[in-house]
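Visitor: Single-letter residue listing:
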Amino acid sequence: MGLEEKVPEGILTTSLDSVINWGRANSTWPLLFGLACCAMEMIATGTARHDIARYGSELFRASPRQADLMIVSGRVSNKMAPVIKRIYDQMLAPKWVIAMGICASAGGPFNNYAIIQGVDKIIPVDVYVPGCPPRPESLLYAMDLLRAKQRRETVGAWRKVEEPLAVEEIVPLGV
Amino acid sequence: MPLDVAPVIRSYETQRTLNPPGIPALAPMPTGETDDTRRIIERFGKDIVAAGLHNGNQVVFVGPAQLKALATFLRDSAELNYETLIDVTSVDRSQLPLDGGVRFQTVYQFRSYSRNQHLTVIADCGTEPGGNGELPHIDSLTGVYRGAEWPEREVYDLMGIRFDGHPDLRRILMPKNWPNHPLQKQAPLGGEEVPFTFTWDDPEFETLGSQILPAESAAPDLPPGMSRQNMVINMGPHHPSTHGVLRLVVEMDGERIVSIDPDLGFLHSGFEKTGENKRYKDFVYYTDRMDYLSAMSNNLGYCLTIEHMLGLEIPERAQVIRVIMAEMQRIASHLFWLATHVLDVSGTGMSLLMYATRERERILDLFEMACGARLTVSYIRIGGVWQDLPDAFIAELKDFLRVMPEKINEYDALITEAPLWQERLTGIGFISAEDALAMGLTGPMLRGSGIDWDLRRDRPYSGYESYEFEVPTSDSGDCYGRFNIRMEEMRQSVRILEQAVGNLPSGLYKSNNRKVALPPRAELDVSMEALIHHFKLMTEGFHVSPGFFYHGIENSKGELGFFVYSDGSAKPYRLHVHGPSFNNLYAIDHISRGEMLSDVVTNIGSIDIVLGEVDR
Ligand code: SF4
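As they're listed, the protein sequences go chains B and F. What the first sequence shows, in my numbering, is residues 2 to 176, in sequence order. What the second sequence shows, in my numbering, is residues 800 to 1415, in sequence order.
Calculated from the structure, these hints are not laboratory results. Glycine included, each C-beta is placed from N, C-alpha and C at the ideal position. Take every hint as true, because none was put in to throw you off.
Just the calculated beta-carbon pair ranges, DEER-fashion: (1) B:127 x F:1215: 43 to 49 Å; (2) F:1164 x B:19: 37 to 43 Å; (3) B:12 x F:1395: 51 to 57 Å.
Only chain B is shown next, with the shape it has when bound in the complex (with noise of 0.2 Å):
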């Protein structure tokens, strides 16, 4: 004696948690947002041929109040650091990070002064893409990672994440 014994026909039951992540799952906005090479393959992914479309996810945004997913494509110097910083703090939860190729993910050949060895070291990753860069098929396969991971998730895991002030004051240009 369920409950879709008394529903009429055509509606159907589901927990909130699976309608919620069905939704977040099938359309993961990116941020508009290129670093360095990897940023050329992120741009093919979104054209015609892979067509990242299929996956919900061709709204490329510029805001990060718009998106959910920061791609981080590609290697992230110190002087970009703080700046990423701030672009992930800004985008609203439920959010997920993917380091696409392996200078976002540990550094990759510029294991030197300028570059931070991975991304993670300031903002924590969901999925990480290793290739110099990685081919269009491989982000489209990190997609289909998020996507199960986001699947798995519970929404009362991201009601719990305290959003995080922007770390560093905001100081006004020339002050």
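Fit chain F with the ligand to the known structure of chain B by using the hints.
Guide: For chain F with the ligand alone, coordinates are given in the frame of chain B:
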């Protein structure tokens, strides 16, 4: 927390013990004379330390006191007429046997377009006591060649040489509170020890990430010369139209732009320092990652420089394959420029992005066929190319060449004559020929102002002299002129490709000199000798005799130059890259003044920058 850029000094990176005695050595003095060096010596007499030819380039050594006078003479003398200063760089010679010579030298590349001459000037820097030790300094050339401003700031930032009389000597690439000048030889390479084995309670984890700069460094200053009376707008480094991580500080009076101060270095990756710690052959892979839209051209420029220093002959077939690759890369790069330019300016030009990337994907497929990679190819190696073209390649390329001209016409029909497009581009971003020369612009930025110059035609390399092609120019000096030039360049590249495919000779695809180029893989199975060569090259690399050389090639954005200083060992002592985007971007302030904010986006697209190359 003080910044620690050097958690470790890696013994395996800095080992120089394999060197035979006599290394490191100073570069020899130039020999012989040319008309130009004779004229310079006539004028300056004993102030010229040495002059002549070195590695085929004209070189003049001058003392610090006469540098500015020499530069003025080079520009103003009717017989010399060096209109432009291509590049400024520097060498820290502290690890060379100096014998009392000065530690820092600055290196200038002058070019005369009208006379087709190139001249390298090397100046000793004076020192003044201060700081912790001696501070090198030298006269700034900004008063003579305006385009010296950014290159000199770069030298100051990375090498610590002060330029007297420079109008705005700030750091340009590194964050403003960076603790050292990274290219000085005593500054460590930095980075982290690669943890091959460890467990989670290894103390090494403590040091990981210690090189991250504290966040306060990101708080920007108001650039000098800007006034709070006007509105100051910050554009980037995260902005969809800046083609990467460029930050522009735009000062505006109402709708009009008063001035722009670009803030660079958000993608500074330390290529030059890394290059000094890699063997010659290992830097090829890094060149891919500088201007990642023209990886093939970068490979080519670097390999040609080293091959010239080695005096290496390249087989005919390899030369033609290189031309094929370089021209395909030019088309691919221009296609990407077209796609993003239209997208930026119109905001909705998504269709052209799709069309242009459709053709670009075909080129990337061809690259993949040849070398297995789409973007970071490393196909052109010192001595030739990595491996021979596969059988299906030529047929596929021919098919591409058959359809490409139609596609270019298709883009033309879509956009070139569109009234809105013309309105957005015509008269915008104007630069006169004199300004273009004074700023050291190259490539389409120079040709767009009516200077008829293309390194492929005027100083040919890789056998370009045997191809027939035209160099499009435009007298309009605006964005529309440069747009038309690039469209026409794609057509000319197709033309070159057709000739190259038609005359592809058979033979070797890389040099037979086993001391420099790896033996083909198949040989390793049958020949002990080949195995030894392979081992030697992989472990030690090859040595380049002491000397220095600058070589420029025409890539899709302008003159891509490499300056290499060798001390005789298997690693470059100093490696400098002259990226065309860096110099061309300098013009953004000049060409945008008085225009609208929306025109800045047009101008960025029209300059065609790649931040990987600007920031290096
Ligand atoms: S992983 Fe490779 S392709 Fe990607 S940013 Fe780093 S160097 Fe460039």
